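2 protein chains.
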Amino acid sequence: MKLLIVGGVAGGASAAARARRLSEDAEIIVFERGPDVSFANCGLPYYVGGEIAQREKLLVTTPERLRARFKLDVRTRSSVEAIDRAAKKVRVRDLATGREYNETYDKLILAPGAAPLRPPIPGIDLPGIFTLRNLQDVDRIKERVDAGVRRAVVVGAGFIGLELVENFVRRGVATTVVELQDQVLPPLDKEMTTPILETLRKHGVSVLLEQSAEAIEAATDGLVVRVKSGERLPADLVILGIGVRPENRLAVEAGLEVGPRGGIRVNEQMQTADPDVYAVGDAVEVRDFVSGDATQVPLAGPANRQGRLAADHIFGRPAKFRGTQGTAVVGVFELTAAATGASEKALRRAQRPFRKAYVHPANHAGYYPGAEPMTIKILFHPETGKLLGAQAVGGAGVDKRIDVLAVALQAGMTVFDLEEMELCYAPQYGSAKDPINMAGFVAAGLLRGDHPQVDVEAVSASEESKRPLLLDVRTPQEFAAGNIPGAVNIPVDDLRARLEELPRDREIAVYCQVGQRGYLATRILRQRGYAASNIGGGYKTYLLFRGPQAL
Amino acid sequence: MKLLIVGGVAGGASAAARARRLSEDAEIIVFERGPDVSFANCGLPYYVGGEIAQREKLLVTTPERLRARFKLDVRTRSSVEAIDRAAKKVRVRDLATGREYNETYDKLILAPGAAPLRPPIPGIDLPGIFTLRNLQDVDRIKERVDAGVRRAVVVGAGFIGLELVENFVRRGVATTVVELQDQVLPPLDKEMTTPILETLRKHGVSVLLEQSAEAIEAATDGLVVRVKSGERLPADLVILGIGVRPENRLAVEAGLEVGPRGGIRVNEQMQTADPDVYAVGDAVEVRDFVSGDATQVPLAGPANRQGRLAADHIFGRPAKFRGTQGTAVVGVFELTAAATGASEKALRRAQRPFRKAYVHPANHAGYYPGAEPMTIKILFHPETGKLLGAQAVGGAGVDKRIDVLAVALQAGMTVFDLEEMELCYAPQYGSAKDPINMAGFVAAGLLRGDHPQVDVEAVSASEESKRPLLLDVRTPQEFAAGNIPGAVNIPVDDLRARLEELPRDREIAVYCQVGQRGYLATRILRQRGYAASNIGGGYKTYLLFRGPQAL
Numbered sequence: 005m006k007l008l009i010v011g012g013v014a015g016g017a018s019a020a021a022r023a024r025r026l027s028e029d030a031e032i033i034v035f036e037r038g039p040d041v042s043f044a045n046c047g048l049p050y051y052v053g054g055e056i057a058q059r060e061k062l063l064v065t066t067p068e069r070l071r072a073r074f075k076l077d078v079r080t081r082s083s084v085e086a087i088d089r090a091a092k093k094v095r096v097r098d099l100a101t102g103r104e105y106n107e108t109y110d111k112l113i114l115a116p117g118a119a120p121l122r123p124p125i126p127g128i129d130l131p132g133i134f135t136l137r138n139l140q141d142v143d144r145i146k147e148r149v150d151a152g153v154r155r156a157v158v159v160g161a162g163f164i165g166l167e168l169v170e171n172f173v174r175r176g177v178a179t180t181v182v183e184l185q186d187q188v189l190p191p192l193d194k195e196m197t198t199p200i201l202e203t204l205r206k207h208g209v210s211v212l213l214e215q216s217a218e219a220i221e222a223a224t225d226g227l228v229v230r231v232k233s234g235e236r237l238p239a240d241l242v243i244l245g246i247g248v249r250p251e252n253r254l255a256v257e258a259g260l261e262v263g264p265r266g267g268i269r270v271n272e273q274m275q276t277a278d279p280d281v282y283a284v285g286d287a288v289e290v291r292d293f294v295s296g297d298a299t300q301v302p303l304a305g306p307a308n309r310q311g312r313l314a315a316d317h318i319f320g321r322p323a324k325f326r327g328t329q330g331t332a333v334v335g336v337f338e339l340t341a342a343a344t345g346a347s348e349k350a351l352r353r354a355q356r357p358f359r360k361a362y363v364h365p366a367n368h369a370g371y372y373p374g375a376e377p378m379t380i381k382i383l384f385h386p387e388t389g390k391l392l393g394a395q396a397v398g399g400a401g402v403d404k405r406i407d408v409l410a411v412a413l414q415a416g417m418t419v420f421d422l423e424e425m426e427l428c429y430a431p432q433y434g435s436a437k438d439p440i441n442m443a444g445f446v447a448a449g450l451l452r453g454d455h456p457q458v459d460v461e462a463v464s465a466s467e468e469s470k471r472p473l474l475l476d477v478r479t480p481q482e483f484a485a486g487n488i489p490g491a492v493n494i495p496v497d498d499l500r501a502r503l504e505e506l507p508r509d510r511e512i513a514v515y516c517q518v519g520q521r522g523y524l525a526t527r528i529l530r531q532r533g534y535a536a537s538n539i540g541g542g543y544k545t546y547l548l549f550r551g552p553q554a555l
Numbered sequence: 005m006k007l008l009i010v011g012g013v014a015g016g017a018s019a020a021a022r023a024r025r026l027s028e029d030a031e032i033i034v035f036e037r038g039p040d041v042s043f044a045n046c047g048l049p050y051y052v053g054g055e056i057a058q059r060e061k062l063l064v065t066t067p068e069r070l071r072a073r074f075k076l077d078v079r080t081r082s083s084v085e086a087i088d089r090a091a092k093k094v095r096v097r098d099l100a101t102g103r104e105y106n107e108t109y110d111k112l113i114l115a116p117g118a119a120p121l122r123p124p125i126p127g128i129d130l131p132g133i134f135t136l137r138n139l140q141d142v143d144r145i146k147e148r149v150d151a152g153v154r155r156a157v158v159v160g161a162g163f164i165g166l167e168l169v170e171n172f173v174r175r176g177v178a179t180t181v182v183e184l185q186d187q188v189l190p191p192l193d194k195e196m197t198t199p200i201l202e203t204l205r206k207h208g209v210s211v212l213l214e215q216s217a218e219a220i221e222a223a224t225d226g227l228v229v230r231v232k233s234g235e236r237l238p239a240d241l242v243i244l245g246i247g248v249r250p251e252n253r254l255a256v257e258a259g260l261e262v263g264p265r266g267g268i269r270v271n272e273q274m275q276t277a278d279p280d281v282y283a284v285g286d287a288v289e290v291r292d293f294v295s296g297d298a299t300q301v302p303l304a305g306p307a308n309r310q311g312r313l314a315a316d317h318i319f320g321r322p323a324k325f326r327g328t329q330g331t332a333v334v335g336v337f338e339l340t341a342a343a344t345g346a347s348e349k350a351l352r353r354a355q356r357p358f359r360k361a362y363v364h365p366a367n368h369a370g371y372y373p374g375a376e377p378m379t380i381k382i383l384f385h386p387e388t389g390k391l392l393g394a395q396a397v398g399g400a401g402v403d404k405r406i407d408v409l410a411v412a413l414q415a416g417m418t419v420f421d422l423e424e425m426e427l428c429y430a431p432q433y434g435s436a437k438d439p440i441n442m443a444g445f446v447a448a449g450l451l452r453g454d455h456p457q458v459d460v461e462a463v464s465a466s467e468e469s470k471r472p473l474l475l476d477v478r479t480p481q482e483f484a485a486g487n488i489p490g491a492v493n494i495p496v497d498d499l500r501a502r503l504e505e506l507p508r509d510r511e512i513a514v515y516c517q518v519g520q521r522g523y524l525a526t527r528i529l530r531q532r533g534y535a536a537s538n539i540g541g542g543y544k545t546y547l548l549f550r551g552p553q554a555l
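The listed protein sequences derive, respectively, from chains U and R.
For the first sequence, my numbering gives the first residue as 5, with consecutive numbering after it.
For the second sequence, my numbering gives the first residue as 5, with consecutive numbering after it.
Keep in mind that the hints were calculated from the coordinates and are not lab data.
Heads up, some of the hints might be wrong.
[Unchecked claim] Simulated coverage check for chain R against chain U, where a stretch passes if three residues somewhere in it have a Cβ under 8 Å from a Cβ of chain U:
| id | segment |
| --- | --- |
| 1 | 42-53 |
| 2 | 58-66 |
| 3 | 194-205 |
| 4 | 430-439 |
| 5 | 496-506 |
[What the hints assert, rightly or not] Using 30 Å as the maximum straight-line C-alpha spacing, the simulated BS3-like pairs for lysine-lysine come out as follows:
| id | chain 1 | residue 1 | chain 2 | residue 2 |
| --- | --- | --- | --- | --- |
| 6 | U | K61 | R | K61 |
| 7 | U | K75 | R | K544 |
| 8 | R | K194 | R | K61 |
| 9 | U | K544 | R | K75 |
| 10 | R | K75 | U | K390 |
| 11 | U | K324 | R | K390 |
[Stated by the list, open to error] Partner residues aside, some chain R positions facing chain U, computed with beta carbon under 10 Å:
| id | residue |
| --- | --- |
| 12 | D454 |
| 13 | R532 |
| 14 | Y546 |
Please read these numbers as outputs of a predicted model, since none were measured by experiment.
Ideal placement from N, C-alpha and C gives every residue a C-beta, glycine not left out.
Build out the structure end to end from the sequences listed, making use of the hints.
So this is what it looks like as structure tokens:
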């Protein structure tokens, strides 16, 4: 067996190591265009910021170590230029010498990754404009930051963009983010990103939404990014973080099929249309685990998994990639945002039925010091309660709850299962009713009809004359500190005595701070014959939809 | 509907609140023997230590708040003395006045909890000997600590015992723990508690295992605890933390059935043999979710859940308690230990088939600063791979991994599902191959036969002449720093070149530090015809079984 692997980072390196474990006799050659294999892509922003202090920490392994331990023929600075599928060989170019040569294969794994997009705007090739993909990129960026640049513009407020923003701020660089969409972190639903936007602004980051870079110009003291609105942003450093496109040239030129967004088409065994050619990692199109649709998810975990599966299949092991949930997490200053499965906007786009629930719990018992708030949003099927997706934003414990929900999603569990979950509880770790249980209670109460709920954005979006009566059941102090316009205030503890103040012929939308008192008030009202529903997630959810507060 | 609830803490308070949400018209009376309802039992040790500074933080709610919000008739300092099931009434004693009266019911929920055990040894009633159950207990203990006691003896090294130990040490009290078993934290398997024992000793705690308190005597300057070995432990304060027994007197006297360990027998709807009498919380016998056997699990989460379910059933909602996994967590100084499902010793006791796997990962990517090590042990069915239980001990991230495994257990997932889990990965939160994935790889490799493994305790327990050849594949430096007696050292990177040094006619047990290099070495050897297996979890697992190092 002679196995060639194109690309030596996440998927390629995993495939190579797995292949060697399965076969001591196979000839395994890894071609990597860059000088490094298996480096820590996800750590690059933190090297810029200095959190990761030593560059060598970013080298997960080296070509030498792969050779010694796995008996791999690792050829760095080697570019595979073409595939001859009929002859089962590739043409390789040694970038150091320029020499070209052919290498035959029995099986070929393509793991070329994805390349950062560079928009075709005027000035895009000026010096000082960077993308961030590998160690060479990060060296160039860090060199500038170390040299004392004062102003950076980051185009794109996705995961990597915001990680870089945080690290620029940590280094004292005044940073502006330009994002095409009307929110940061586009994979999340907009309202869930409100706290992220607030913390970016709190840390002095200038965030321009619904803007794009139209041109970049050289100025006497650096660059100027001109955005759609006409605003001109001076910068010493411009980062393009607007997404990636699969490196599919080799595959396309070899006649292999790619999807509409350029991802190489593969089956569940990671085989392309040619059964001797596999493809894995950021370059491939995968199946969305929730929707079943084709998608592209450039994440390290699935890439490693796919590399392993391709090697398994080549060496006769059962192998099946189940698709990806797109579980992802990002830290932005003191906050964490994470998600798994489908977002609300993805479900709307696909016109799939769903309901949703919001909870605003603390990460652990409130009576133990240091509890940090979070918001969890879950999306579920309106009849079966099957979990479709989840998002969370807040302080400590966000990643834990999304991991729990990711497993629930993988297992096909419902919101009724969330009610029953037995999770770790001691006061410094969780609550007797964990945030996950609370989300389950709210969602299951909705589906059982015990707890009728309305979505706050539906209530506040409708014309005031058509709105239900808004009933705020918090204390007068809470009400005075901020409320939904048009609401009347009757604290839940007074509600039973003041029922006659409420109309029997009008819908009532109840709310409190997070939904819990509103739930009790709704139960009281409905049992007394009022047409009441609870605004899911309460005033805190309303604030998420209203968007960030002015500082 | 007239509903009486005996006990107003976790299960009782949850039942009362849920009942009111379901019915505005029901008459609901809660009898609580103590002065408080719904206090934070799990926080009590941290109030002693000062981490929770204000006593009122421990009051989750008050009788007044329950009255105002839930229209509950809360009667504190009220002891239910007897149940007359035929007449459907209870006899109540007002502890403040001594007055006795009857109260009728349509439905009755017993939530009396469990009482700390007091062993019948000489001197047990001397002043200065305490159990910890409620706020009155904690007041007495804290008063002593505040007054400057110097020496404490804690009898019992369970969860609450060790939490108190930590908090005594935090307050400068020299503390000795006396434990009957040969390990601390008896719900966990012994080897998993080695790091806990080490950290207790590191913090100056004296831990006496396989010892029991035989007598307590008054001395001129306090107390003396005499233990089985004859050793006499001077103490100003003695805490009994040896377990609890269900408060079943009311139930037993009313002719209701209890299990062999005293737990009130209930069905899946939390009904006793009398369908109008329910029981919930620490007082009841529940079904072990893994084994299906009857058990008792005094935990806050299940108690709350059972209270809720009893109310649901009373008011005509579908309700079914699925049993309990016993998910639990404890912090001991800088370490966390947690578990869910069956332990190895429980499986052995029940003679159920299982295999196990150990991994020793870091909580997040090693290239990001601050990664903390942990050990995860999973237990699974030897044919299907179905998860049976899990334990973890280490630093940050232990609770997250046990929560993930608790959900997997609830869902009936297998070790093959663990391989596929898509969990949060950014360098400060996890790894591209999360500790959970790693545990899945090891266990699945074992079941598929790709990765034959032997248990380290089996190897090191057998006579030296009958042992397999022990092959240490770590570096010479690692080998020199400590190894399993009798092992020979060939680093994995040299193994291919030195195969002829190894016997072809003898079993070889390979090990490295955590199992990963040992896995590769095993693969190399087997493909070359050697009878090799990997010692699961490597040298680190060996050290766990060897027990704590002398300081």
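Please verify the coverage claim for the segment 42-53 of chain R: does it have three or more residues whose C-beta sits within 8 Å of some C-beta in chain U? It holds: at least three residues are needed, and the segment 42-53 of chain R offers 4 whose Cβ sits within less than 8 Å of chain U.
Is the straight-line distance between the alpha-carbon of U/K544 and that of R/K75 30 Å or less? Distance ~27 Å between U/K544 and R/K75 Cα, so the pair holds.
Does the segment 430-439 of chain R contain three or more residues whose Cβ lies closer than 8 Å to a Cβ of chain U? holds (count 8)
How does the coverage statement for the segment 496-506 of chain R fare against chain U, requiring three or more residues with Cβ below 8 Å from a Cβ of that chain? Holds, because 3 residues of the segment 496-506 of chain R bring their Cβ atoms closer than 8 Å to Cβ atoms of chain U.
Within 8 Å of chain U's CB atoms, at least three CB atoms from the segment 58-66 of chain R: coverage verdict: holds (count 3)
Measuring from the C-beta of R/R532 to each C-beta in chain U, is the shortest one below 10 Å? holds, 7 Å
Please verify whether R/K194 and R/K61 have alpha carbons no more than 30 Å apart. Violated, because 35 Å separates the two Cα atoms, which is more than 30 Å.
Per the CB criterion, is R/Y546 less than 10 Å away from chain U? Status violated, d = 22 Å.
Regarding the pair R/K75 and U/K390, is the alpha-carbon distance no greater than 30 Å? violated, 35 Å
Given the proposed pairing of U/K61 with R/K61, does the C-alpha separation stay at or below 30 Å? violated, 44 Å
Okay, the segment 194-205 of chain R and chain U, do three or more residues pass the C-beta test at under 8 Å? violated (count 0)
Between the alpha carbons of U/K75 and R/K544, is the straight-line distance 30 Å or under? holds, 27 Å
Of the numbered hints given earlier, the model fails hints 3, 6, 8, 10 and 14; all others are met.
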